[in-house]
Amino acid sequence: MSSVSVEVHIEVQTFYAQQMRLLDALDIEGYVQTFTEDGITDHAHRGEKVEGRAAMIAGANAALPRYQGVAVRHWNDHYLIEEAGENTLNVTYCSLVTRTDAEGKVTFEPTFFIEDVLVRVDGRLYTKSRTVHRDGQAKPVARAS
Amino acid sequence: MSSVSVEVHIEVQTFYAQQMRLLDALDIEGYVQTFTEDGITDHAHRGEKVEGRAAMIAGANAALPRYQGVAVRHWNDHYLIEEAGENTLNVTYCSLVTRTDAEGKVTFEPTFFIEDVLVRVDGRLYTKSRTVHRDGQAKPVARAS
Amino acid sequence: MSSVSVEVHIEVQTFYAQQMRLLDALDIEGYVQTFTEDGITDHAHRGEKVEGRAAMIAGANAALPRYQGVAVRHWNDHYLIEEAGENTLNVTYCSLVTRTDAEGKVTFEPTFFIEDVLVRVDGRLYTKSRTVHRDGQAKPVARAS
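Protein chains in written order, with full-length UniProt numbering: chain A, 1 to 145; chain B, 1 to 145; chain C, 1 to 145.
No wet-lab data here; the hints were simulated from the structure. You may find that some hints are simply not true.
[Unchecked claim] Below, a sample of chain A positions facing chain C; criterion: calculated Cβ distance under 8 Å:
no. : residue
1   : Ser-3
2   : Arg-73
3   : Gly-104
4   : Glu-109
5   : Ile-114
6   : Glu-115
7   : Val-117
Everything numeric in this text was worked out from a predicted model, so none of it was measured. We treat Cβ as the ideally placed atom computed from N, Cα and C, and that holds for glycine.
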């Protein structure tokens, strides 16, 4: 039911574990290094497309004040992985985002659905593009008979 | 510590990623097709047992209004997989269920513990039965000394 | 990107699925048996270090009243696994903790970051030490350029 090997599955799970740790540590430089030099982040729900590491760093720095004094965590689930070519993977997953403040109180960002294209360069995965869809904006169409 | 191979583990994780996507898209027809023709869903906590795809579709359609205008997501964890026979797997896991509204506000359904029986037919997994237990209704007994 | 085999990855995921089930069932005796006899739990954020199974049982029993009438669930993500020696693994992960009451209402503990040392004895994994860091207490330093 999946086009990729168990090794690739675990490789991808580990890639996201590492990338999400960097993101949640607000380690912008480290996070951006997990993208290709020409990597793209497209927040489709707010029509905001950022291209290249330099632009991603600038955008992330601008967003930092929003995360002052809170610990952010991304909780991902339901990875589906398809081989799109040699060393290219299409990966989709869902993400729940928490914010924990100094008192330990947890609040939530919206939930998201994400479409990534990963490429393997010199044996290492990078995100080439990321398209983020915010949940709740368009009602999914039920195709019930 | 598990009776099944890594290949089966990844096969099962991928099965749930696909099935939960269909469920959360409110794609009732697609979701029901991931069950066997005689598949059973038993919501043990409300004594509601539904047998067969046709009855499952009717029941799901009746529940649809509850999800108008919100995006539902199931977040599963702690899969335990046991081989129960050739091409039959007993799978248990926990599920956290979010509802995200048009403004992006996230609210929560109760948490659940689920017991599934999966069968493999022509190389493809299907749910033969699903028993859903709502958390919080019976206090677990602590067997501490 | 990981130093361990896919078999070890699945072994570790299964270990946590089993251990978290025992913890969330408030099965203190069963949970403590997943630690080595001299196992250590260190709640770094409150300077509380508990050493050995007997002390862990006493501590857990003292904490039980806090969980009267609610179902607790730990939701883990982003496991990173490093081989630290023969039959010794360093595992880190994040944990979201829910409490579901009799009415099904879900509330949240703070989120956590956990560092475990696992050892394999007679082919079976045990936690030798667990260090728990509560999120939100120290703001992560952004190393952005």
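Here's how the hints hold up against the structure:
{"no.": "1", "hint": "Ser-3", "verdict": "violated, 17 Å"}
{"no.": "2", "hint": "Arg-73", "verdict": "holds, 5 Å"}
{"no.": "3", "hint": "Gly-104", "verdict": "holds, 3 Å"}
{"no.": "4", "hint": "Glu-109", "verdict": "violated, 13 Å"}
{"no.": "5", "hint": "Ile-114", "verdict": "violated, 14 Å"}
{"no.": "6", "hint": "Glu-115", "verdict": "violated, 19 Å"}
{"no.": "7", "hint": "Val-117", "verdict": "violated, 18 Å"}
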